[in-house]
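K.L.:
Below, each chain spelled out in residue letters.
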Amino acid sequence: MRTSIRILLENLLWTFALCVAAIAAGTIARAADEIVVVVNPKVGAETMTADQVRAIFLGEKEYWNGTRVYPVTFPEGSRVMQEFLRLGLGMTINEYRSWWIKRIFRRADVPPQSVSTPEEAVEVIRSHPGGIGFLSAGDMAEADGLRPVLRLGP
Amino acid sequence: MKRFLAAAVVLLAAAAPRVARAVTLDAQDARVSINGFLDLQYTYMGRLPAPATPPAVGLTTQDPISTLDQDRLNLILKVDRDRFRVNVNVSSRKAYSVGGVEPHGQFSFQEAYGEYRRSEALNVRGGSFLVPFGIYNEIRYATSLFAPVVLPQLYEPLPNYAASGGADHIVPEEGNLMVSGAVGPGRARLFYAAYLGTGDRTQAGTDQNEDKAVGGRLTLMTDQERQGVGVSYYTTNDGGGEGRRHHVMTSLDLRRGPWGLEAEALWLTTTAHVYDVFSYYVRLRRHVGAATPFLGYDYFEDTKNAIYAGGMKRLSTGLSYEATSNLYLKAEYHCHVFDGSAIPSDADHVHMVRLAAIMVF
Numbered sequence: 001m002r003t004s005i006r007i008l009l010e011n012l013l014w015t016f017a018l019c020v021a022a023i024a025a026g027t028i029a030r031a032a033d034e035i036v037v038v039v040n041p042k043v044g045a046e047t048m049t050a051d052q053v054r055a056i057f058l059g060e061k062e063y064w065n066g067t068r069v070y071p072v073t074f075p076e077g078s079r080v081m082q083e084f085l086r087l088g089l090g091m092t093i094n095e096y097r098s099w100w101i102k103r104i105f106r107r108a109d110v111p112p113q114s115v116s117t118p119e120e121a122v123e124v125i126r127s128h129p130g131g132i133g134f135l136s137a138g139d140m141a142e143a144d145g146l147r148p149v150l151r152l153g154p
Numbered sequence: 001m002k003r004f005l006a007a008a009v010v011l012l013a014a015a016a017p018r019v020a021r022a023v024t025l026d027a028q029d030a031r032v033s034i035n036g037f038l039d040l041q042y043t044y045m046g047r048l049p050a051p052a053t054p055p056a057v058g059l060t061t062q063d064p065i066s067t068l069d070q071d072r073l074n075l076i077l078k079v080d081r082d083r084f085r086v087n088v089n090v091s092s093r094k095a096y097s098v099g100g101v102e103p104h105g106q107f108s109f110q111e112a113y114g115e116y117r118r119s120e121a122l123n124v125r126g127g128s129f130l131v132p133f134g135i136y137n138e139i140r141y142a143t144s145l146f147a148p149v150v151l152p153q154l155y156e157p158l159p160n161y162a163a164s165g166g167a168d169h170i171v172p173e174e175g176n177l178m179v180s181g182a183v184g185p186g187r188a189r190l191f192y193a194a195y196l197g198t199g200d201r202t203q204a205g206t207d208q209n210e211d212k213a214v215g216g217r218l219t220l221m222t223d224q225e226r227q228g229v230g231v232s233y234y235t236t237n238d239g240g241g242e243g244r245r246h247h248v249m250t251s252l253d254l255r256r257g258p259w260g261l262e263a264e265a266l267w268l269t270t271t272a273h274v275y276d277v278f279s280y281y282v283r284l285r286r287h288v289g290a291a292t293p294f295l296g297y298d299y300f301e302d303t304k305n306a307i308y309a310g311g312m313k314r315l316s317t318g319l320s321y322e323a324t325s326n327l328y329l330k331a332e333y334h335c336h337v338f339d340g341s342a343i344p345s346d347a348d349h350v351h352m353v354r355l356a357a358i359m360v361f
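Quick mapping for you: the protein sequence lines, in order, are chains A and B.
Mapping of the first sequence onto the working numbering: position 120 corresponds to residue 120, and the numbering continues sequentially without gaps.
Mapping of the second sequence onto the working numbering: position 261 corresponds to residue 261, and the numbering continues sequentially without gaps.
Hints may contain errors.
To be verified - Label pairs and their calculated CB-CB ranges: (1) 231(B) to 123(A): 45 to 51 Å; (2) 116(A) to 229(B): 41 to 47 Å; (3) 102(A) to 126(B): 24 to 30 Å; (4) 331(B) to 141(A): 53 to 59 Å; (5) 65(B) to 75(A): 42 to 48 Å; (6) 112(B) to 65(A): 28 to 34 Å; (7) 75(A) to 212(B): 47 to 53 Å.
Unchecked claim - With a straight-line cut-off of 35 Å between C-alpha atoms, the simulated DSBU-like cross-links for lysine-lysine are: (8) 78(B) to 42(A); (9) 102(A) to 212(B); (10) 304(B) to 102(A); (11) 78(B) to 102(A).
Simulated from the structure, these hints should not be mistaken for laboratory data.
Think of the CB as a built atom: it goes at the ideal place given N, C-alpha and C, for glycine as much as any other residue.
Build out the structure end to end from the sequences listed, making use of the hints.
P.N.:
What follows is the structure, given as structure tokens:
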């Protein structure tokens, strides 16, 4: 009886350890994903700095070489959006939302278009000459025809 | 009253779980968005000096007031298509009021304009819009969102100023055609705006001015929010008894980390010497998490006005709290000190308290 309880406890312990390891591995793998900023080639940019990307997505920079930029983002709850805000803008979701509320009322600005999927983001960026957006590195296979201009590492 | 309070509580509570959202429609070539805000304000104002009722002369006092208002409801419709933008700002004031003015609540167009945005250096705007004369001019309708609810005196004098024959407005109200932009390299840039306006109209809707209004502003900015040092000028010629008005304003708007400092000074004169206003204010604020406490000092003087000839000082303090990104709570205290031998002794120190809740969507 005592032996079977010990075996049961050992099994539970191993199961718990494996679960922790799996979760940790998954987290590390996800955290290692880069965010890649991509543009429509008609924007005319070969590279961009983090400051320039920040200015575009916060509505401070509206033109690039005379072309009106058209930024595209993802829903606030999505992981790629949260990572982009953290790595690219240095903001939380709440800070980003508050920023745009102020811009909307003070400057009558319109916030970036939000799309649901990477495929949709690619389509919107392709269809706008000033299109600019971001994808996780794992989704870059979808970004045919777009130009990567900045990589944001974890 | 009970229905109003219940509706207000429900609306404001609805903002708490952050479910309020703007409406945005995206088409291939155009984006359409609708945003807005709704506020609820409580105000206590102590005994103010006031002009005596004829045939009596001199000054008397008016009783303290205590009001609960749904002060503003604004809906803002924007259509953005490449370099063109249309902005329509519809406003309703005092839809409900307890203890204050009679509720009116009709919607009116606060702004309605179209804009061609050629580049960051050149925008052309036509229609009816609030001009960029001072720090708060363009956003007076939404000031309670981003600043203390009680505006500086030079934007919104106390009601006893107008009641004692003061100017109907101290800063310019609106423009109709404007060219503006920002030029210069890097973060230090020069913002310019030059505008024309049809000026004031009589209550019958006819043109009140002998010629049209002209104004402009220059601001040396340290970022896109136009903070920096600015100077403005505006003039219009009233065909009536005022003659030509001249408005001159200087401003300082600095933000460093959590700190913000604002200061503006304004001069208003008329060639017929009806008004001779000098006013300034300084406000210091600091962001501490979701809270923003502030301290302020105002001065307002009109040497042609019986109540304000000796000047009035105002000390202010208060706190803004961003409960959620859709709900703002404010609490403020203001103490007004009137100077001058004509001021009744029981109204030379006037206390004011204002509480406000603002829901954004």
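K.L.:
I want to verify a distance hint. Is the separation of the beta carbons of residue 112(B) and residue 65(A) within 28 to 34 Å?
P.N.:
33 Å, holds
K.L.:
What's the verdict on residue 102(A) and residue 212(B), does the C-alpha distance respect the 35 Å limit or exceed it?
P.N.:
This hinted pair holds, its Cα atoms lying about 33 Å apart.
K.L.:
Quick one, are residue 304(B) and residue 102(A) close enough, alpha carbons at most 35 Å?
P.N.:
39 Å, violated
K.L.:
Is the Cα-Cα distance between residue 78(B) and residue 42(A) 35 Å or less?
P.N.:
26 Å, holds
K.L.:
Hinted pair, alpha-carbon criterion (35 Å max): residue 78(B), residue 102(A). Please report holds or violated.
P.N.:
Since the Cα atoms of residue 78(B) and residue 102(A) sit roughly 15 Å apart, the hinted pair holds (cutoff 35 Å).
K.L.:
Within 45 to 51 Å or not, the Cβ separation of residue 231(B) and residue 123(A)?
P.N.:
The hint (45 to 51 Å, Cβ to Cβ) holds, given that residue 231(B) and residue 123(A) are roughly 48 Å apart.
K.L.:
Between residue 102(A) and residue 126(B), is the Cβ distance one that fits in 24 to 30 Å?
P.N.:
Holds, since residue 102(A) and residue 126(B) (Cβ atoms, about 26 Å apart) stay within the stated range.
K.L.:
Holds or violated: 42 to 48 Å for the Cβ distance of residue 65(B) and residue 75(A)?
P.N.:
47 Å Cβ-Cβ, so the 42 to 48 Å window holds.
K.L.:
Starting from the range 41 to 47 Å, see whether the pair residue 116(A) and residue 229(B) falls in it by beta-carbon distance.
P.N.:
Given range 41 to 47 Å: holds, Cβ gap about 45 Å.
K.L.:
Given a hinted range of 47 to 53 Å, is it respected by the beta-carbon distance of residue 75(A) and residue 212(B)?
P.N.:
Once the Cβ atoms are compared, 48 Å apart, the range 47 to 53 Å for residue 212(B) and residue 75(A) holds.
K.L.:
Quick one: are residue 331(B) and residue 141(A) within 53 to 59 Å, going by C-beta?
P.N.:
Given about 54 Å between the Cβ atoms, the range holds.
Hint 10 from the list above is the single one not met by this structure.
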